[in-house]
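Colleague: Below are the chains, spelled out letter by letter.
Protein chains: 2
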Amino acid sequence: MKYLGKHYLLELYDCPAELLSDPNFIDKKMNEAAREMEASIVESNFHHFNPLGVSGVIIIKESHLTIHTWPEYGYAAIDIFTCGKIYMERGIDFLIEALNAKSSEVKKMGRGAAHKFTQTMVPRKS
Amino acid sequence: MKYLGKHYLLELYDCPAELLSDPNFIDKKMNEAAREMEASIVESNFHHFNPLGVSGVIIIKESHLTIHTWPEYGYAAIDIFTCGKIYMERGIDFLIEALNAKSSEVKKMGRGAAHKFTQTMVPRKS
Chain R
6 MKYLGKHYLL
16 ELYDCPAELL
26 SDPNFIDKKM
36 NEAAREMEAS
46 IVESNFHHFN
56 PLGVSGVIII
66 KESHLTIHTW
76 PEYGYAAIDI
86 FTCGKIYMER
96 GIDFLIEALN
106 AKSSEVKKMG
116 RGAAHKFTQT
126 MVPRKS
Chain V
6 MKYLGKHYLL
16 ELYDCPAELL
26 SDPNFIDKKM
36 NEAAREMEAS
46 IVESNFHHFN
56 PLGVSGVIII
66 KESHLTIHTW
76 PEYGYAAIDI
86 FTCGKIYMER
96 GIDFLIEALN
106 AKSSEVKKMG
116 RGAAHKFTQT
126 MVPRKS
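Protein chains in written order, with our numbering: chain R, 6 to 131; chain V, 6 to 131.
Be a bit skeptical, because a hint or two may be false.
Any copy will do: because identical chains look the same in the list, a pair fits if it lies in one copy or spans two.
To be verified - Below, simulated DSS-like cross-link-like pairs (lysine-lysine); rule was C-alpha separation at most 27 Å, straight line:
{"no.": "1", "residue 1": "107", "residue 2": "7"}
{"no.": "2", "residue 1": "66", "residue 2": "33"}
{"no.": "3", "residue 1": "107", "residue 2": "121"}
{"no.": "4", "residue 1": "33", "residue 2": "7"}
{"no.": "5", "residue 1": "7", "residue 2": "66"}
{"no.": "6", "residue 1": "34", "residue 2": "121"}
{"no.": "7", "residue 1": "33", "residue 2": "121"}
{"no.": "8", "residue 1": "66", "residue 2": "34"}
{"no.": "9", "residue 1": "113", "residue 2": "11"}
{"no.": "10", "residue 1": "112", "residue 2": "7"}
{"no.": "11", "residue 1": "33", "residue 2": "112"}
Since the hints were made in silico from the structure, they are not lab data.
Chain R on its own, in the form it takes in the complex (with noise of 0.2 Å):
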């Protein structure tokens, strides 16, 4: 079946706390993946929760990156959700080097089934 987007869920496990909960290290990182993805970055929020936890959310040309941290599990919920050709394997490398985790999972999703659309698709001009 033919999909317009593709989302990865991506699980971390056992993570160190502290860098789970330094918002400048989450937010850098996240960043940094989203570059080595080659992806174009539009806008970064990044938010600390007292006293535990990081979101973050990069929204780019291509969809988006989020991330939740929980510092008291070791854990990290991320998710990169593209529509364009960028290369999500690279920055999923990267985030489970950087952020330390020792498991990890990936749930690959496609988003939008071309045969519901109204209208066959062609993919946007950049």
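Dock chain V against chain R, hints included.
Modeller: Just chain V, lined up with the frame of chain R:
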């Protein structure tokens, strides 16, 4: 299996192009959906891509809502990710109706498998 968060991936098909290409309308309806769910809105950002499509993110205290629209195909991809007690189904029903989708699909994913955490899961105090 016990999970920390719920992630709903919502596919809206056959929506009117004029709704999907209006950034103010999409912004308003996504924020209304967050309020319908009784989520705590932290920050909201929407972008209009020329000539087509809207991308938007609402960071909520409980995680996030995102949307990307392709007016040319009548398609919108919406994600609702929550780790708290909010009324997700209300928001989903609201958005299907607001964006006038003639067909839709919802995929429900668990995020953060509790047995993989570095310590036993105890809900955060709000």
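Colleague: All hints are to be evaluated individually against the structure, with a verdict given for each.
Modeller: Okay, the hints, checked on the actual structure:
{"no.": "1", "hint": "107 to 7", "verdict": "between (34 Å within a copy, 20 Å between copies)"}
{"no.": "2", "hint": "66 to 33", "verdict": "both (19 Å within a copy, 21 Å between copies)"}
{"no.": "3", "hint": "107 to 121", "verdict": "between (40 Å within a copy, 11 Å between copies)"}
{"no.": "4", "hint": "33 to 7", "verdict": "neither (34 Å within a copy, 31 Å between copies)"}
{"no.": "5", "hint": "7 to 66", "verdict": "within (21 Å within a copy, 35 Å between copies)"}
{"no.": "6", "hint": "34 to 121", "verdict": "between (36 Å within a copy, 23 Å between copies)"}
{"no.": "7", "hint": "33 to 121", "verdict": "between (38 Å within a copy, 26 Å between copies)"}
{"no.": "8", "hint": "66 to 34", "verdict": "both (19 Å within a copy, 22 Å between copies)"}
{"no.": "9", "hint": "113 to 11", "verdict": "both (7 Å within a copy, 16 Å between copies)"}
{"no.": "10", "hint": "112 to 7", "verdict": "both (18 Å within a copy, 17 Å between copies)"}
{"no.": "11", "hint": "33 to 112", "verdict": "within (24 Å within a copy, 31 Å between copies)"}
Hint 4 from the list above is the single one not met by this structure.
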